[in-house]
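Student: Build the full structure now, drawing on both the sequences and the hints.
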Amino acid sequence: MITLTHYLVLSAILFTLGVVGVLIRRNAIIIFMCIELMLNAVNLSFVAFAHYLNSMQGQMFVFFTMTVAAAEAAVGLAIIVAVFRNKETVNIDDINIMKW
Amino acid sequence: MEAYLFYIVATIAVIAGVYLIFEKNPVFSALYLIQTMVCIAVLYILLEAQFIAAVQIIVYAGAIMVLFLFVIMLLNVSASEESKNALPFQRIPAVVMGIVLLVSIGLILKSKLPQGKQGEYTSAYVNTIGNTKLIGNLLFTDYLLPFEVTSILLFVAAIGAIMLAKRKL
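Going line by line, the protein sequences match chains D and G.
Numbered by numbering that gives the first Met the number 0, the letters in the first sequence go through residues 0 to 99 in order.
Numbered by numbering that gives the first Met the number 0, the letters in the second sequence go through residues 0 to 168 in order.
Keep in mind that a hint or two might mislead.
To be verified - Taking lysine to any residue and the SDA-like style, the derived pairs with C-alpha atoms no more than 20 Å apart in a straight line are:
no.	chain 1	residue 1	chain 2	residue 2
1	G	K165	G	N75
2	G	K109	D	H5
3	G	K165	D	H5
4	G	K132	G	I44
5	G	K111	D	I1
6	G	K23	D	T88
7	G	K111	D	T4
8	G	K165	G	V155
9	G	K132	G	T121
10	G	K23	G	I56
11	G	K132	D	Q56
12	G	K109	D	I12
13	G	K132	G	F146
14	G	K109	D	T2
15	G	K23	D	I30
16	G	K111	D	I12
17	G	K116	G	D141
18	G	K23	G	R90
19	G	K132	G	L45
20	G	K165	D	I1
21	G	K165	D	T2
22	D	K86	G	M72
23	G	K23	D	I91
24	G	K23	G	V58
25	G	K165	D	V80
26	G	K23	G	K132
27	G	K111	D	L52
28	G	K23	G	T121
29	D	K86	G	F146
30	G	K132	G	I56
31	G	K132	D	T88
32	G	K132	G	L153
To be verified - Some chain G residues close to chain D (C-beta under 7 Å, calculated; not the full set):
no.	residue
33	L100
34	I104
35	G129
Since the hints were made in silico from the structure, they are not lab data.
Here a beta-carbon is modelled for each residue, glycine too, at the ideal position from N, C-alpha and C.
Tutor: This is the structure we're talking about:
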């Protein structure tokens, strides 16, 4: 029997993978994809809660989260394209002009 | 049967997630992320959220990831990003901290499983009306204001993306 805890543990594992990916990778696009993975992990726990609590609110929230994720992906990728046009790289170690 | 399906799909999702963060080539990373998203869509169907599963495939695996692949191919990012890694010693602490985060989430889940008031949308009730119809009803009654705000958000995002990607501001 699959319980709520199973889904929450899977969601936690996927979220942690996203966090580790953001920390160890240097490519801005892959960091962005890891953020999408974290959003997906949270969506999964929303739907799991909604199912096991007989509620519909979790699914509504996932619907709005997906909209925000779509908007975020469009703007974020446009920023990456703009940065690449100026610096000829997407390696975040080379994009450090705000560091000083 | 359902339990086996959950374990198989969850294993595939986690393995694809691991490959996503350790793969050198960004195109393969994007394909592994699509794999994870499809697995999560299967889990949504197991959780009786059919509409969300369809939207997951269409919006995430379809639209967002195609956008990612377009940008990867447009920028022609080479796989040599790791050769000039300025912080090579960051990997091991990052993995350790990831394990710490996972353990702390696990301890929270173990100590107190989040519980709440049971809602009115039981599985049998949802099946008599239909998942998509219920979501549509809620979207245009209780969630009308967030729905309208979402349209403004998407509009602003579209304008912002065009402005940022333009050659001359």
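Student: Compare the structure with each hint and give your call.
Tutor: Now the hints, each set against the structure:
1. G:K165 <-> G:N75: holds, 19 Å
2. G:K109 <-> D:H5: holds, 12 Å
3. G:K165 <-> D:H5: Measuring from Cα to Cα gives roughly 46 Å; hence the hint is violated.
4. G:K132 <-> G:I44: holds, 16 Å
5. G:K111 <-> D:I1: holds, 18 Å
6. G:K23 <-> D:T88: holds, 16 Å
7. G:K111 <-> D:T4: holds, 11 Å
8. G:K165 <-> G:V155: Distance ~15 Å between K165 of chain G and V155 of chain G Cα, so the pair holds.
9. G:K132 <-> G:T121: It holds: about 15 Å lies between the C-alpha atoms, which stays within 20 Å.
10. G:K23 <-> G:I56: violated, 25 Å
11. G:K132 <-> D:Q56: Measuring from Cα to Cα gives roughly 14 Å; hence the hint holds.
12. G:K109 <-> D:I12: Given that 20 Å is the threshold and the Cα spacing comes to 15 Å, the pair holds.
13. G:K132 <-> G:F146: holds, 16 Å
14. G:K109 <-> D:T2: The hint holds at about 13 Å.
15. G:K23 <-> D:I30: holds, 13 Å
16. G:K111 <-> D:I12: This hinted pair holds, its Cα atoms lying about 18 Å apart.
17. G:K116 <-> G:D141: holds, 19 Å
18. G:K23 <-> G:R90: holds, 15 Å
19. G:K132 <-> G:L45: Distance ~19 Å between K132 of chain G and L45 of chain G Cα, so the pair holds.
20. G:K165 <-> D:I1: violated, 50 Å
21. G:K165 <-> D:T2: Violated, because 49 Å separates the two Cα atoms, which is more than 20 Å.
22. D:K86 <-> G:M72: holds, 17 Å
23. G:K23 <-> D:I91: holds, 15 Å
24. G:K23 <-> G:V58: Violated, because 26 Å separates the two Cα atoms, which is more than 20 Å.
25. G:K165 <-> D:V80: Holds - the C-alpha atoms of V80 of chain D and K165 of chain G are around 10 Å apart, at most 20 Å.
26. G:K23 <-> G:K132: violated, 43 Å
27. G:K111 <-> D:L52: Since the Cα atoms of K111 of chain G and L52 of chain D sit roughly 16 Å apart, the hinted pair holds (cutoff 20 Å).
28. G:K23 <-> G:T121: At roughly 45 Å apart (the allowed maximum being 20 Å), T121 of chain G and K23 of chain G break the hint.
29. D:K86 <-> G:F146: violated, 38 Å
30. G:K132 <-> G:I56: Distance ~19 Å between K132 of chain G and I56 of chain G Cα, so the pair holds.
31. G:K132 <-> D:T88: Violated, at about 47 Å.
32. G:K132 <-> G:L153: violated, 24 Å
33. L100: Holds, about 5 Å.
34. I104: Hint holds; I104 of chain G Cβ to chain D Cβ min 4 Å, cut 7 Å.
35. G129: It is violated, given that the least Cβ distance between G129 of chain G and chain D is near 12 Å, above 7 Å.
Hint violations for this structure: numbers 3, 10, 20, 21, 24, 26, 28, 29, 31, 32 and 35, all remaining hints satisfied.
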